[in-house]
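S.K.: Since the structure of chain E is already known, use the hints to place chain S on it.
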Amino acid sequence: MTKKQAASKQVTAIEGWFTWPPSEEPHLIGSRCKSCGDYFFPKVVACRNPNCMSKDVEEVLLSRRGKLYTYTINYYQPPPPYIPPDPFVPYADVVVELEKEKMKVQAQASSSCDLNSLKVGMEMELVLEPLYKDSEGNEVIAWKFKPV
Amino acid sequence: MKEVAIVGIGAVRWGKYPDSTNLQLAREAIVQALRDANLTWKDIEFVVAGQDAYSGYPGISAGAAIEEEMGFTGIPATTVQNGCATGSYTLDIGRAYILAGLYDIVLCVAAARSPGGFFPTVEAGADPSNLDFWRYRILGKTNPSMFAYQAVRRMHNYGTTETDMAQVKVKNSKHGSLNPLARYQKRFALEEVMNSAMVSYPLRLFTVCATSDGAAAVILCSMKTAKKLATKPVVLASVYSPQPKYPSLDVGLSFFSTNSTVSTPPSTPGVERPHEYEVCHGALERAGVRPEELDFAEVYDISTPMEFDWMEDIGICKPGEGEKLMWEGATTIGGRIPINPSGGVSSFGEAYPAQALVQVHELVTQVRGAAGPRQVEGAKVGIAANKGLGQYISAIVVKK
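So the sequences go chain by chain: E and S.
Quick note on numbering: the first sequence equals residues 1 to 148 in our numbering.
Quick note on numbering: the second sequence equals residues 1 to 400 in our numbering.
The following block holds chain E by itself, in its conformation from the complex (with noise of 0.2 Å):
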């Protein structure tokens, strides 16, 4: 493969957390509990309630939409791991109530968003974007929240 063709393509950040590759309507990958109906996010080997611990537990695709619960707009850089863009500028860490699963997971705001608009209680939707781009200029594709 040249270096060129490389440059082109979208990776993602992590295995397993989010459906891959890239479509229309993204969703996290959590696991469920079939014993108690709980839900996990990132995925888990066995049920997490200390009242259950049932082994057997389902990979399931999560709610795509939930509420705005609270956030916070960052505006120093992380330091690494993060990886920050070139210029670094600031960005939203958000965390979204997701109704069926009664859970709050959290992400980055997607960087189309105006961060002056995020509110408590909001509507928020799953979409996969770039985070950074890695050392063989690949683009590093993760979840993030967007008002809708």
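These aren't lab readings, by the way, just hints derived from the structure by calculation.
One thing to keep in mind: the hints can contain errors.
[As the list claims (entries may be wrong)] One-sided and incomplete, this derived list gives chain S residues near chain E with beta-carbon spacing under 8 Å:
hint, residue
1, 56
2, 117
3, 137
4, 156
5, 264
Even for Gly, the Cβ is constructed at its ideal location relative to N, Cα and C.
M.R.: Frame of chain E, contents of chain S only:
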């Protein structure tokens, strides 16, 4: 009651000590604590040391390294690492050995140096299970980001303003200006805090804390032995640092989700921070102290609005009323229930493994009536609370 005595305390001033090793800082705190207790190094029967993750071997294996630094006396020495509750656990382990009758005089100590700036992840391993790596890589989530999550919730729940948050710093810096152990002894004006750089909205440079170096030592002994020693012992009434009860509702520092509540309702329903609430109430129950009996509290103001959260978790006021108490002056020294008379983490900065021990240093100083210009009048009983990495939250009650 499971009580032991605190007979000696020592601490260095919090700051940056690029030319000192963690062992030199530990030595200074230990020597002070021994002098305070009127004991010698050879009287210590067991050392429980907090781990310093940023000092290499002498920090990773602090118990052994401190024994070597002070001079081998052939006693057991162990090292613990439990995030911001590290100092609490040195006390918890120390008192357990005393209560079991295995040792009578135990040294609890932690010395810590911080790298400066944000606390980085300790091991930069990209193993999928090392979520502390992935929180930086994927979320860029620093420690202040997590505190900011809670601050935004507080704004949403109770209408807390940035002015409220800034005023905590103003108040605590007033207290810290009276404390020779505080790294920052300058009094801040409201405008200066409000105009400082935004770090993680809504938290600014002066409403989060600095990472610092520090060391503190506490000597514990049985109540029986304490009565024989030529000191005024105070009572370590409780140390409580449980992990959360399932389902945990906190996203914590290194977690990507909360637990799900499909099968099980929250352990304390209707509370924003059930884990903190349970830790603070558990520590008070174990000490046989009601919230209204507290004379003061040292709480983790690693972000200033968290001071309000703790007041409510402890039961000092109802949810959403912390701000009002502050503006009325109740939480200032001289008020009804001074919060962070030491100046808090706002004035100290955070040397996390040693932080709970320096909180206890203040509790002891206050109940001894030895706090000088920052003395809480008639202080008989106080609580310290803190939280950090790995869902570690702890509360400690000290009384006369």
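S.K.: Confirm or reject each hint.
M.R.: Each hint tested on the structure:
The criterion of a C-beta within 8 Å of any C-beta in chain E is not met by residue 56(S), whose closest approach is roughly 19 Å, and the hint is violated. With a least beta-carbon distance of about 7 Å to chain E, the hint placing residue 117(S) at the interface is held under the 8 Å criterion. Checking residue 137(S) against chain E by beta carbon gives a least distance of about 5 Å; that is within 8 Å, so the hint holds. With a least beta-carbon distance of about 4 Å to chain E, the hint placing residue 156(S) at the interface is held under the 8 Å criterion.
Hint status for residue 264(S): holds, given a least beta-carbon distance of 6 Å to chain E, under 8 Å.
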